[in-house]
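Participant: Using the sequences plus the hints, can you model the full thing?
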Amino acid sequence: MAKVAVTGNSAVANALRQVNPDVCAAYPITPATDLMQQFSSYVSDGKVDTELVLVESEHSAMSACIGAAAGGGRVSTATSSQGLALMWEMLHIASGMSLPIIMPVVNRALSAPLNIHGDHSDAMYSRDTGWIQLWSENAQEAYDNTIMAYRIAEHKDIRLPIMVNMDGFIISHSIETMEYLEDDKVKNFVGKFERVNPLLDLENPKSFGPLILTDYYHEYKRLQHEIMGRVKGVVNSVTDEYAKLSGRQYGLFDSYRLEDAEVGIVVLGSAAGTTKDVIDEYRDKGIKAGLLRPRLFRPFPFGEVADALKHLKAVAVLDRADSFGSYGPVFMEISSALYQAGGQPKMINKIYGLGGRDYMPSQAAEVIEELNDIAQGGAIKLVKDYLGVRG
Amino acid sequence: MSLKKWNELTPGAIVLEAGSSRKFKTGSWRAQRPVWKEENCIQCLFCWMYCPDMSIKMDGEKRADFDYEYCKGCGICALECPGKKGQKAIVMEEEGK
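Protein sequences, first through last, are from chains A and B.
Just so it is clear: in the first sequence, position 297 is 339 by my numbering, and no numbers are missing.
Just so it is clear: in the second sequence, position 2 is 21 by my numbering, and no numbers are missing.
What the hints contain is simulated information worked out from the structure, not anything from laboratory work.
In this text, a Cβ means the ideal position worked out from N, Cα and C, and glycines have one as well.
Where hints are given, some of them may not hold.
[Claimed, not checked] Have a look at the derived ranges for each label pair, beta carbon to beta carbon:
#	chain 1	residue 1	chain 2	residue 2	range
1	A	F366	B	K76	55 to 63 Å
2	A	E245	B	C63	31 to 39 Å
3	A	E245	B	M77	23 to 31 Å
4	B	C63	A	A154	52 to 60 Å
5	A	L253	B	K76	22 to 30 Å
6	B	L98	A	S378	54 to 62 Å
7	A	Q291	B	E36	44 to 52 Å
8	A	K263	B	E99	34 to 42 Å
9	A	G233	B	G94	48 to 56 Å
10	B	E99	A	Y259	29 to 37 Å
11	A	S365	B	G38	45 to 53 Å
[Unchecked claim] Within a straight-line C-alpha distance of at most 27 Å, the following computed DSSO-like cross-link-like pairs (lysine-lysine) qualify:
#	chain 1	residue 1	chain 2	residue 2
12	B	K24	B	K44
13	B	K42	A	K248
14	A	K248	B	K44
15	A	K234	A	K198
Facilitator: In C-alpha cells, the structure reads:
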C-alpha cells in the first residue's frame, strides 16, 4: 500500500476513480468543486468509464442521479452547503425510492450570511432525509468511508443512499499523509454492481414514484424505518471486512480513553483530533477525560453510544451546527440515547466552529475544565453555550 | 380487497406489475362530465388524441362513448372538439346533476 500526501478531495476523487461508477452527475460548489473537478479529469483521461453528466444545478444533479440509479446504474455525486440545500426535495426521493446513491458531502456553512468555510450545518439539516450518514475525522477516513459506502448502500438488505461527510477545507483542502489501497483491491472489495428492480429491464416493466395516499404511505414509511434498522449491522460487517483488507479498523463510533474516564467530550469530524491531544494533556494532569466521535450518525446507534457514555459523570457535546431555539443536533441524539439507557451523566452542549471558525486546543481545555467542575459537584451554568465567540 | 401490511411491500414503493394503473379508477375525481353528442360528431378523433388519459373508447376505427371509470373530467376533449356546423359533439355537464 502506497503512502501518499494528498488532500481529502484528492483522496475521495481517487476512491471514486477506483470504484469506477457508471454515472456521476455533478455541479460545482466550494469546497466540493475540487473533488469532482479531479474526478472529471479521470473521465477526460479515460481512467474511468463513468458517464459524467454536467447539469445546470444541484437539484438537477440529484435528479439525474436518481434517474440513473433507478435505471440500474452505480451512481455517485458530491456536493456542499447550498448545493446540498438545493438537492433537498430530491434527497427524500432518492431514499424513498430505495436508490443506493453514494455522495461525499464536503461540509460547509449555510447562507445567510454567505460563508464558504467548514461547519456541519449542511449535513445536519439533511439528517432526516432518509440517507445513511457516515462522518470522517481525516482524509484517510474520508477515503476509506467512501469505499465502504458502496458496500453499505448497495447491500441487498439496505439499498439506500449514503452521504460520506468530511469537514470543508480542514479535510478537503489540507494535505495529509495517508494510504491508498491498490486499484484491484478496491475493485474486488466493492464488487460488481447488483441491479435491483432496474427500470431499464424492458422485459420486466415497472413503475417508480407512484402516487401513494392515505391507504399505504404510512406503511411505506414504516418499511423505510425497518430498512434503516438493518444498516448498523451491515456497517459493522463491512467495516470489519475492510479492516482485514486495509489494516484500519473503524467502528460505529471512535472511542478514545473513554473506558475509565469520568468526563467525556462527544464531537464529530476533524475536531476530534485536536480534542484527543488536549485529553492527553489533561490525563497527564490526572483528570480522567475521554472522547467519543460518532462515525455512523444516521441511523444513530443509540444503544452502543449510551453504553459507551453512561458511566461518565459529565458529558459535553460539541456541535458544529446549531438548531436555533433548541440544542445542537448531536446533543439531541446523545441526550436521547442516555435518557433511554437510564444514563446518569450531567450534560452540556457547546456550539463551536461555525462558518469555519478555528477550533483551538484552548477551547477543548475550557470544556474539560468545566466538565471537571461539574463532575466535582459544580452547578451547570448554561446547558447550551457557544465556544470561542466574542462578547 | 385486503390491504397489504408494511412488511409485505416492495422497498422504494416500486410497482413491479405492468399495466396496474388499470386498477386505479380515477373517474371518481370528476366534477364535470363530458357528454358525447353523436349527431354532431365528425369522427375526427381529436378527442382520442388529446385525452391525457385513455378515456375515449374506440369501436374499430370509430370513436365510441367515454370510459367514465377513468375520465377525470378535465374538459380538454370538449375544448378541442370542432363539432359540426358550430355545434360541439362534446359538452361538459356538472357531475351528479
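Participant: A separate judgement is required for each hint: does it hold in the structure or not?
Facilitator: Hint by hint, here is what the structure shows:
1. The hint said 55 to 63 Å for the Cβ distance between F366/A and K76/B, and at roughly 58 Å that hint holds.
2. A C-beta distance of roughly 38 Å is found between E245/A and C63/B, which places it inside the suggested range of 31 to 39 Å.
3. Between E245/A and M77/B, the C-beta spacing of about 28 Å keeps the proposed range 23 to 31 Å intact.
4. Separation of C63/B from A154/A is about 57 Å and conforms to the stated range, judged on CB atoms against 52 to 60 Å.
5. Restraint check, L253/A to K76/B: a C-beta distance of roughly 24 Å satisfies the suggested window 22 to 30 Å.
6. Checked against the hint of 54 to 62 Å, the pair L98/B and S378/A passes, with Cβ atoms roughly 57 Å apart.
7. The given range of 44 to 52 Å is respected by Q291/A and E36/B, whose C-beta atoms sit roughly 45 Å from each other.
8. Checked against the given bound of 34 to 42 Å, the beta carbons of K263/A and E99/B, roughly 41 Å apart, stay inside it.
9. Evaluation of the 48 to 56 Å hint for G233/A and G94/B yields a pass: the beta carbon distance comes to about 54 Å.
10. For E99/B and Y259/A, the hinted distance range of 29 to 37 Å is satisfied, since their beta carbons lie about 35 Å from each other.
11. Range check, S365/A to G38/B: Cβ separation about 47 Å, and the 45 to 53 Å hint holds.
12. Between K24/B and K44/B, the direct Cα distance comes to roughly 22 Å. Compliance with the 27 Å bound is thereby established for this hinted pair.
13. Straight-line distance between C-alpha atoms of K42/B and K248/A comes to about 15 Å, which keeps the hinted pair within the 27 Å bound.
14. Our distance criterion of 27 Å between C-alpha atoms is met by K248/A and K44/B, whose separation comes to about 19 Å.
15. Restraint check for K234/A and K198/A: satisfied, since their Cα atoms lie roughly 13 Å apart, inside the 27 Å limit.
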